[in-house]
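Student: Chains as they are written, first to last, in my numbering: chain S, 97 to 378; chain G, 32 to 391.
Each hint should be verified, as a subset may be incorrect.
DSS-like mimics (lysine-lysine), calculated; alpha carbons at most 30 Å apart, straight line [said to hold, decoys possible]:
#: 1; chain 1: S; residue 1: Lys156; chain 2: S; residue 2: Lys333
#: 2; chain 1: S; residue 1: Lys231; chain 2: S; residue 2: Lys367
#: 3; chain 1: S; residue 1: Lys367; chain 2: S; residue 2: Lys283
#: 4; chain 1: S; residue 1: Lys286; chain 2: G; residue 2: Lys136
#: 5; chain 1: S; residue 1: Lys275; chain 2: G; residue 2: Lys136
#: 6; chain 1: G; residue 1: Lys52; chain 2: G; residue 2: Lys199
#: 7; chain 1: S; residue 1: Lys286; chain 2: S; residue 2: Lys367
#: 8; chain 1: S; residue 1: Lys283; chain 2: G; residue 2: Lys136
#: 9; chain 1: S; residue 1: Lys286; chain 2: S; residue 2: Lys275
#: 10; chain 1: G; residue 1: Lys199; chain 2: G; residue 2: Lys210
#: 11; chain 1: G; residue 1: Lys209; chain 2: G; residue 2: Lys199
#: 12; chain 1: S; residue 1: Lys167; chain 2: S; residue 2: Lys156
#: 13; chain 1: G; residue 1: Lys360; chain 2: S; residue 2: Lys275
#: 14; chain 1: S; residue 1: Lys333; chain 2: S; residue 2: Lys167
#: 15; chain 1: G; residue 1: Lys284; chain 2: G; residue 2: Lys360
#: 16; chain 1: G; residue 1: Lys284; chain 2: S; residue 2: Lys275
#: 17; chain 1: G; residue 1: Lys209; chain 2: S; residue 2: Lys275
I should point out that these hints are in silico values taken from the structure, not numbers from a laboratory.
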Amino acid sequence: MVENRPLANLASHLILIVGVAIVAFPVYLALVASSSDPTTIANGQLGLLPEGHLFENYWKVLFEGTERSTKQPMIVPLFNSLVMALVISIGKISISLISAFAIIYFRFPFRHTAFWVIFLTLMLPVEVRIYPTYKIVADLGLLDTYAGLTIPLIASATATLLFRQFFMTVPDELLEASKIDGAGPWKFFKDTLLPLSMTSVAAMFVIQFIYGWNQYLWPLLITTRDDMQTIVIGIQKMLYVTDALTEWQLAMATTILAMLPPVVVVVAMQKLFVRGLTETEK
Amino acid sequence: MAEVRLTSVGKIYSGAVPAVKDITFSVPDGGFCVLVGPSGCGKSTLLRMIAGLETITMGEIRISDRVVNTVEPMDRDIAMVFQNYALYPHMSVYDNMAYGLRNRKTPEPEISARVAEAARILELEPYLERRPRELSGGQRQRVAMGRAIVRQPQVFLFDEPLSNLDAKLRGAMRVEIKKLQRQLGVTSIYVTHDQLEAMTLADQLVVMNQGVVEQIGEPLSLYERPETVFVAQFIGAPPMNMIDLAPGGGGPKGLDGSSELPVPASGARLGIRPEHLVVDEDGRPVPTRPGDIRLELAVDAVEAVGAETYIHGRLGGDGLMITAREHGKMLLPPGTSRVFTARRENLHLFDAATGRRVDI
Ligand SMILES: Nc1ncnc2c1ncn2[C@@H]1O[C@H](COP(=O)(O)OP(=O)(O)OP(=O)(O)O)[C@@H](O)[C@H]1O
Ligand SMILES: [Mg+2]
């Protein structure tokens with residue numbers, strides 16, 4: 097429906113602008129705070145315009161660390177978070193693609209059972225199975241390792257379901273044409289199924305990257321050493337300082353830094369989405 | 032080049048009723064065999080068994096003297112064109128054609144030579160870099176053909192390759208396929224439920240019904256001498272008129288001359304093609320010879336399409352609906368009663384019990 101009523105247009109734009117402002121204002125404020133010096137914030141004089149300490153604050157938080165709380169340069173937890181988010185999202189996608197492929201294209205005993213077992217794990221996120229999972233990871237000696245941080249979060253029913261759904265829409269004739277063209281199952285997966293799934297993969301990557309990046313409870317349990325911390329926990333630790341003022345300008349700089357990678361991922365993947373939406377593959 | 036030979040081939044899907052029963056025929060080297068029959072009669076199943084996409088429950092399939100029952104599709108040296116083309120959507124036209132060759136480790140210069148040749152034959156040269164979705168239906172169909180051609184297989188298999196095209200394009204592609212097959216001389220098996228396509232393409236026509244072969248032969252011999260009621264009614268448009276006769280040769284009201292026919296004890300069905308019914312013009316009766324059949328029809332509807340006229344009328348005034356086809360324009364007013372004559376040599380007689388042909 098294409099309408100051209102100036103008043104309605106104006107109203108809808110107003111509503112959208114207000115919505116954007118509500119979301120964007122706190123982020124803007126964090127940016128302003130991350131450019132100010134400690135005394136301004138402590139005195140409650142934070143204005144609405146950025147101040148001149150931006151690079152100084154970011155440099156400090158990235159490579160030197162806070163003076164009073166953790167005293168850790170934040171580049172390390174940023175890196176840890178990146179590794180965790182990447183391993184979780186790529187791991188989830190790979191495992192899900194392969195299990196969905198097996199469920200749809202192979203006839204093996206208990207195929208349906210396998211599918212329902214995967215489906216059931218939807219009801220068992222980490223938070224529910226946290227104690228047994230912790231115990232297993234601890235017994236395997238994986239505390240304070242990337243493996244311990246990521247592997248328990250990789251199994252994914254959501255992505256398996258999504259890919260299964262997508263594979264069911266791929267016409268059987270494509271598989272048959274591949275067979276006649278001399279492609280075995282693996283070649284069919286690699287040459288046909290995977291390229292066709294690219295938009296779903298991109299969608300899953302965004303969702304799972306953000307899921308991995310925002311993990312809080314699990315890293316909190318599993319990591320004890322400072323050099324294995326993730327950025328979300330880094331922020332949290334920065335905020336609680338005993339017998340001193342929180343260094344808000346640094347905490348805000350960290351927050352902004354923590355927001356950047358998911359934004360980059362969304363922006364980068366957005367192209368793929370848009371292409372997927374506009375040029376429907378038949 | 033290869034001969035395809037089927038011996039007592041049968042297929043039962045997961046324990047249920049058989050989809051294909053005891054089929055035996057062979058397609059000579061370079062022959063064009065068309066499998067035709069109503070929907071659900073097992074044509075696709077049979078073709079897919081030849082392709083290796085379905086397991087063979089019983090019997091034996093040979094391609095150039097090699098039993099292929101358990102051979103993988105890619106090792107059968109066949110190429111298949113699917114009804115919905117099954118082009119790889121993410122690959123260019125070139126890659127679609129080259130994919131099978133690459134999987135067979137054909138050297139790249141050879142691939143590009145073969146694709147170029149196929150593109151030239153099929154007039155696809157301007158589209159080689161496009162994706163399938165950027166092509167029209169007819170162009171996609173040609174890409175699917177190209178994918179089959181470049182492989183230089185021993186056998187082409189087609190499963191209703193033209194049924195997604197509009198009538199005009201279908202006619203044009205039909206001619207193309209026939210020309211191409213002659214030119215390349217590759218043994219071909221073609222599935223369709225369109226009898227016009229079947230008649231025009233086939234060297235050898237296999238009419239199937241409910242999983243069994245009704246008749247095999249050249250298209251015209253099937254038209255002229257159908258062995259069963261099913262074939263008689265399936266081949267030819269409009270379909271053959273069928274009139275039930277009692278054991279003594281007695282027929283319904285309005286039918287004259289049937290007592291001369293050798294009607295078996297179980298009764299018979301008399302078949303007359305619409306084009307073999309000649310109308311008495313302006314009260315001048317067509318001269319009859321012994322054994323000819325005369326039908327009195329009350330004209331119901333007349334369809335004049337220019338070169339010919341279809342006359343639909345009721346036998347004996349209110350009986351069976353009979354269709355006649357006359358040359359030229361013949362504008363009979365509906366409601367009038369006319370006598371139509373069919374020559375003895377144009378009659379088909381079938382045993383009412385077995386449905387098989389009885390010689391006249
Ligand atoms: N995978 C299957 N499982 C069970 N039954 C099947 C399967 N495929 C086909 N059939 C049955 O086998 C019979 C023959 O099917 P087939 O697809 O060969 O028909 P067809 O002659 O190609 O018909 P159409 O002209 O509609 O394509 C049908 O009764 C169908 O229901
Ligand atoms: Mg079919």
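Student: If a hint holds in the structure, say so; if it does not, say that too.
Tutor: These are the hints, each one checked on the structure:
1. Restraint check for lysine 156(S) and lysine 333(S): satisfied, since their Cα atoms lie roughly 16 Å apart, inside the 30 Å limit.
2. Restraint check for lysine 231(S) and lysine 367(S): not satisfied, since their Cα atoms lie roughly 42 Å apart, outside the 30 Å limit.
3. Restraint check: the Cα-Cα separation between lysine 367(S) and lysine 283(S) comes to about 27 Å, which is no more than 30 Å; the hinted pair holds.
4. Simply put, lysine 286(S) and lysine 136(G) have alpha-carbon atoms about 17 Å apart, close enough for the 30 Å limit, and the pair holds.
5. The hinted pair formed by lysine 275(S) and lysine 136(G) meets the criterion: a straight-line CA distance of about 15 Å does not exceed 30 Å.
6. About 36 Å separates the Cα atoms of lysine 52(G) and lysine 199(G), which puts this hinted pair outside 30 Å; it is violated.
7. Proposed proximity of lysine 286(S) and lysine 367(S) is supported: the alpha carbons are some 22 Å apart, at most 30 Å.
8. Simply put, lysine 283(S) and lysine 136(G) have alpha-carbon atoms about 14 Å apart, close enough for the 30 Å limit, and the pair holds.
9. Only pairs whose Cα atoms come within 30 Å are accepted, and lysine 286(S) paired with lysine 275(S) is accepted, the gap being roughly 13 Å.
10. A distance of roughly 17 Å separates the Cα atoms of lysine 199(G) and lysine 210(G); the hinted pair therefore holds under the 30 Å criterion.
11. Restraint check: the Cα-Cα separation between lysine 209(G) and lysine 199(G) comes to about 16 Å, which is no more than 30 Å; the hinted pair holds.
12. Pair hint lysine 167(S) plus lysine 156(S) holds up; C-alpha atoms about 10 Å apart against a cutoff of 30 Å.
13. Using a Cα cut-off of 30 Å, the hinted pair lysine 360(G) and lysine 275(S) is violated, with the two alpha carbons roughly 55 Å apart.
14. Distance hint between lysine 333(S) and lysine 167(S) is fulfilled; the C-alpha atoms sit about 10 Å from each other, no more than 30 Å.
15. For the hint pairing lysine 284(G) with lysine 360(G), the CA-to-CA distance comes to about 28 Å; that is within 30 Å, so the pair holds.
16. With a C-alpha separation of about 60 Å, the suggested pairing of lysine 284(G) with lysine 275(S) is violated against the 30 Å cut-off.
17. Of the pairs offered as hints, the one joining lysine 209(G) and lysine 275(S) holds, with about 26 Å between alpha carbons and a cut-off of 30 Å not exceeded.
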